[in-house]
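Residue-level listing of the chains:
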Amino acid sequence: MLSRLVFVTASGLKSSGPLGAGLVHASRSLHTSSQSLAPVPPLPEKGGKVRHGIFPEELFQLLYPKTGVTGPYMLGTGLLVYLLSKEIYVINHETFTAAAIGAVLIYGVKKFGPSVAAFADKLNEEKVAKAQEVKDVAMTNLTQAIENEKKEQWRVEGRGMLFDAKRNNVAMLLETNYRERLQMVTNEVKKRLDYQVALQNLHRQMEKEHMVNWVEKSVVSSITPQQEKESIAKCIADLKALAKTTQAKAAV
Amino acid sequence: MAGRRVALKAIDWVAFAERVPPNQKGMFNALKTRTDAISAKLASLPETPAAIDWSYYRKAVAAPGMVDEFEKKFKALKVPEPADTQTAAINTQESEANQSATVYVEASKTRIAQYEKELDKFKNMIPFDQMTIEDLNDVFPETKLDKVKHPYWPHKPITEL
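Heads up: the sequence lines are chains A and B, in that order.
Residue numbers for the first sequence follow the working numbering, so the first one is 1 and each next one is one higher.
Residue numbers for the second sequence follow the working numbering, so the first one is 1 and each next one is one higher.
By construction, these hints were calculated from the structure, which means they are not laboratory data.
Think of the CB as a built atom: it goes at the ideal place given N, C-alpha and C, for glycine as much as any other residue.
Treat the hints with care, since some could be wrong.
What follows is a set of in silico ranges between Cβ atoms, one per label pair, in the way DEER data are often shown [as the list claims (entries may be wrong)]:
1) A/65 - B/144: 48 to 54 Å
2) B/111 - A/159: 16 to 22 Å
3) B/140 - A/95: 51 to 57 Å
4) B/52 - A/235: 55 to 61 Å
5) B/52 - A/159: 44 to 50 Å
6) A/125 - B/21: 52 to 58 Å
7) B/24 - A/131: 36 to 42 Å
8) A/188 - B/86: 39 to 45 Å
9) B/137 - A/159: 20 to 26 Å
10) A/151 - B/141: 27 to 33 Å
11) B/132 - A/159: 47 to 53 Å
12) A/95 - B/148: 49 to 55 Å
13) B/137 - A/125: 19 to 25 Å
Sample of chain A residues at the chain B side, in silico, Cβ under 7 Å [said to hold, decoys possible]:
14) 135
15) 148
16) 149
17) 156
18) 161
19) 164
20) 165
21) 167
22) 169
23) 181
24) 189
25) 193
26) 196
27) 198
28) 200
29) 244
When you get a sec, could you build the whole thing from the sequences and use the hints?
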């Protein structure tokens, strides 16, 4: 890790001394120049490229112009042979221990590395998804609330219609009342005139009836008993003649 | 006896119904039924009542001058128009309603501004995978761990894990 830091500083950034903490903190405290990136740029997706798991690619690129493709390998082999032959590195029991542990470690990482990484990523994703969901829900709620407020404002604009309706009602009621009054006046006058006419008619009728009765009574009273006897005798004679004619007719 | 006809404002009941909020629909329906009843009653009455046939009565009624007197008085009579007591009350109601409406609209606008501000905050937020914990605490203050109240990890009661 620190080797990469060395190469990064070698390509031009000012450094205020390496920190022992994490790489992120180190890059933060390197912002002594006037430009500072906010928000922090996203962390790179993958770590720096390495060959054989430990040797950074920058070493190979550094040596490529001078020594070609096999340069770093020769360097490595030469270093290893030097260390062994000069007994700067002594082979003892711990060498085999280290080799065994190294083998197991490498096997473990190669086999289980990806699944563990996926699991860790999943945990992180869940956290991020939860936060994202909170954010989305909040945003939809806010937009909905804004829409509702706008709708309510639109509704309020229609308040004039209510009062127009009320005033219309009042005007209609007044008009109805006025017409009813006119109607009532006309009807009353008509009733009175009709009453006069009816009264006159009644008067005339009563006079007629009375006259007729009076004439009848006087006629009846003027019939004397002698006239009555004469008229009855005449009636009987007429009846006899009639009977004779009808008997004659029937016989024929 | 001229029939007074105040111009009735045409009301678009469909548009009116759209603007009524759901919790006031009952009142609106009551108003509509009342209005319909009143306008039906108005339509059933003729504008001027049937004229009286004076010549017939002049011939029919024997009393001289009575018919003429009636006619004269009838023509001279002016039916008073009913007094309008409610329009003033309605107008005051309307002005009150306008005032409360402006107040409500103002409050609504401030609410909208507040919502828009929060919406902008959410829109301009950096994406979650570029945030640090400090950024998260800035945007959602409720995620900030109280290190004074709970000095030991996990800085919140275990029940809230």
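Structure-based check of all given hints:
no. : hint                      : in the structure
1   : A/65 - B/144: 48 to 54 Å  : holds, 52 Å
2   : B/111 - A/159: 16 to 22 Å : holds, 19 Å
3   : B/140 - A/95: 51 to 57 Å  : holds, 54 Å
4   : B/52 - A/235: 55 to 61 Å  : holds, 59 Å
5   : B/52 - A/159: 44 to 50 Å  : holds, 48 Å
6   : A/125 - B/21: 52 to 58 Å  : violated, 43 Å
7   : B/24 - A/131: 36 to 42 Å  : holds, 41 Å
8   : A/188 - B/86: 39 to 45 Å  : violated, 28 Å
9   : B/137 - A/159: 20 to 26 Å : violated, 46 Å
10  : A/151 - B/141: 27 to 33 Å : holds, 31 Å
11  : B/132 - A/159: 47 to 53 Å : holds, 51 Å
12  : A/95 - B/148: 49 to 55 Å  : holds, 52 Å
13  : B/137 - A/125: 19 to 25 Å : holds, 21 Å
14  : 135                       : holds, 6 Å
15  : 148                       : violated, 10 Å
16  : 149                       : holds, 5 Å
17  : 156                       : holds, 5 Å
18  : 161                       : holds, 5 Å
19  : 164                       : holds, 5 Å
20  : 165                       : holds, 5 Å
21  : 167                       : holds, 6 Å
22  : 169                       : holds, 6 Å
23  : 181                       : holds, 5 Å
24  : 189                       : holds, 5 Å
25  : 193                       : holds, 5 Å
26  : 196                       : holds, 5 Å
27  : 198                       : violated, 10 Å
28  : 200                       : holds, 6 Å
29  : 244                       : violated, 58 Å
Against the hints set out earlier in the document, violations occur for numbers 6, 8, 9, 15, 27 and 29.
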